Amino acid sequence: PVVLFNFGDSNSDTGGVAAAGGIHIMPPEGRTYFRRPTGRLSDGRVIIDFICASLKTHELNPYLKAVGSDYSNGVNFAMAGSTVSHGVSPYSLNVQVDQFVYFKRRSLELIELGLKGPVNKEGFENALYMMDIGHNDVAGVMHTPSDQWDKKLRQIVGEIGDAIRILYDNGARKFWIHGTGALGCLPALVVQEKGGEHDAHGCLASHNRAAQAFNKKLSDLCDEVRLRLKDATVVYTDMFAIKYGFVANHTKYGMNNSIKKCQW
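In UniProt numbering, the protein residues as written are 1 to 264.
There may be inaccurate statements among the hints.
As the list claims (entries may be wrong) - Here are the computed lysine-lysine pairs in the DSS-like style, where the Cα-Cα straight-line distance is at most 30 Å:
hint: 1; residue 1: K65; residue 2: K116
hint: 2; residue 1: K116; residue 2: K152
hint: 3; residue 1: K116; residue 2: K56
hint: 4; residue 1: K121; residue 2: K65
hint: 5; residue 1: K243; residue 2: K216
hint: 6; residue 1: K56; residue 2: K194
hint: 7; residue 1: K151; residue 2: K230
hint: 8; residue 1: K194; residue 2: K252
hint: 9; residue 1: K151; residue 2: K217
hint: 10; residue 1: K261; residue 2: K194
hint: 11; residue 1: K230; residue 2: K121
hint: 12; residue 1: K121; residue 2: K174
hint: 13; residue 1: K116; residue 2: K174
hint: 14; residue 1: K174; residue 2: K152
hint: 15; residue 1: K216; residue 2: K174
hint: 16; residue 1: K216; residue 2: K194
hint: 17; residue 1: K56; residue 2: K260
hint: 18; residue 1: K174; residue 2: K230
hint: 19; residue 1: K174; residue 2: K65
hint: 20; residue 1: K121; residue 2: K152
hint: 21; residue 1: K151; residue 2: K243
hint: 22; residue 1: K230; residue 2: K194
hint: 23; residue 1: K216; residue 2: K261
hint: 24; residue 1: K194; residue 2: K260
Derived from the structure by calculation, the hints contain no laboratory data. Bear in mind that the values here come from a model prediction, so they are computed numbers and not experimental data.
Using the sequences provided together with the hints, build the complete structure.
Here it is as structure tokens:
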């Protein structure tokens, strides 16, 4: 069976923050696919849902969603608002990795006791380990002096490297790492920063430069991991190019305005 473990923020949260805080997510979230709010901060599915569908497995359940969850195909540790940096959010990347380590240990303990564990040894060994996080960190960097950006971005990417190594030491071998999207094109940021430098599509140029700088360092990290960690397969996905492409070609996707917030 297909097994996935996902670490991230709101881009891939499938209900974690709702379960953790007892938050009742309200419409219009979920209206285009599930026809009801499901804990996702999206009007429909998020990327991890499409990945599960393509692999013909059910949606990944959040780690903290105890009621009605089936973890036989893995766990989603992603939490909206999460950061890579320690101490900024309650469920930062290092905490999510700690949760995985506990989940693995407990699963294998149950199997050793003759009970049914959600994932067995082979499942952990063959699983796909996904990371889609850093968006909130890069947004935070934008509120610091520009001469500190490079240092801060290196620190963030370094912590992602630490997380990958811990997962590797716990048996992970297949990694799928997502870069951050075009932050400067997010309507919420464009509205807040009306006085900033804008590009030809109305996006905040400085925010997009920071996102691209982060992605370059993250891509370089993935190259390094491939060289240093034996038998590790690492796929890096350039989410910036994909999402900026949506903005640049918005009419192709049926939108009249690429950076105006949606109305409901």
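Verification of the hints:
1. Taking the CA atoms of K65 and K116, the gap is near 19 Å; set against the 30 Å cutoff, the hint holds.
2. For the proposed pair K116 and K152, the alpha carbon gap of about 44 Å is over 30 Å, so the pair is violated.
3. Taking the CA atoms of K116 and K56, the gap is near 23 Å; set against the 30 Å cutoff, the hint holds.
4. Our distance criterion of 30 Å between C-alpha atoms is met by K121 and K65, whose separation comes to about 23 Å.
5. For the given pair, K243 sits about 16 Å from K216 by alpha-carbon distance, which is consistent with the 30 Å threshold.
6. Note on K56 and K194: the hinted pairing is violated, with a Cα-Cα distance of about 44 Å set against a maximum of 30 Å.
7. Restraint check: the Cα-Cα separation between K151 and K230 comes to about 28 Å, which is no more than 30 Å; the hinted pair holds.
8. The suggested pairing of K194 with K252 holds, with an alpha-carbon distance near 26 Å, which does not exceed 30 Å.
9. Taken as a hint, the K151 and K217 pair is honoured in the structure, with Cα atoms around 11 Å apart against an allowance of 30 Å.
10. Taken as a hint, the K261 and K194 pair is honoured in the structure, with Cα atoms around 14 Å apart against an allowance of 30 Å.
11. Taking the CA atoms of K230 and K121, the gap is about 19 Å. The hint holds against a cut of 30 Å.
12. The suggested pairing of K121 with K174 holds, with an alpha-carbon distance near 15 Å, which does not exceed 30 Å.
13. Taking the CA atoms of K116 and K174, the gap is near 25 Å; set against the 30 Å cutoff, the hint holds.
14. Restraint check for K174 and K152: satisfied, since their Cα atoms lie roughly 27 Å apart, inside the 30 Å limit.
15. For a cut-off of 30 Å, the pair hint linking K216 to K174 stands: about 21 Å separates their Cα positions.
16. Using a Cα cut-off of 30 Å, the hinted pair K216 and K194 holds, with the two alpha carbons roughly 27 Å apart.
17. A C-alpha spacing of about 34 Å is found between K56 and K260, which places the hinted pair above 30 Å, so the restraint is violated.
18. Among the hinted pairs, K174 with K230 is consistent with the structure: their alpha-carbon atoms are about 11 Å apart, no more than 30 Å.
19. The suggested pairing of K174 with K65 holds, with an alpha-carbon distance near 25 Å, which does not exceed 30 Å.
20. Among the hinted pairs, K121 with K152 is inconsistent with the structure: their alpha-carbon atoms are about 37 Å apart, more than 30 Å.
21. Proposed proximity of K151 and K243 is supported: the alpha carbons are some 26 Å apart, at most 30 Å.
22. Straight-line distance between C-alpha atoms of K230 and K194 comes to about 48 Å, which puts the hinted pair past the 30 Å bound.
23. A C-alpha spacing of about 28 Å is found between K216 and K261, which places the hinted pair at or below 30 Å, so the restraint holds.
24. For a cut-off of 30 Å, the pair hint linking K194 to K260 stands: about 13 Å separates their Cα positions.
Of the hints listed earlier, those the structure fails to meet are numbers 2, 6, 17, 20, 22, in rising order.
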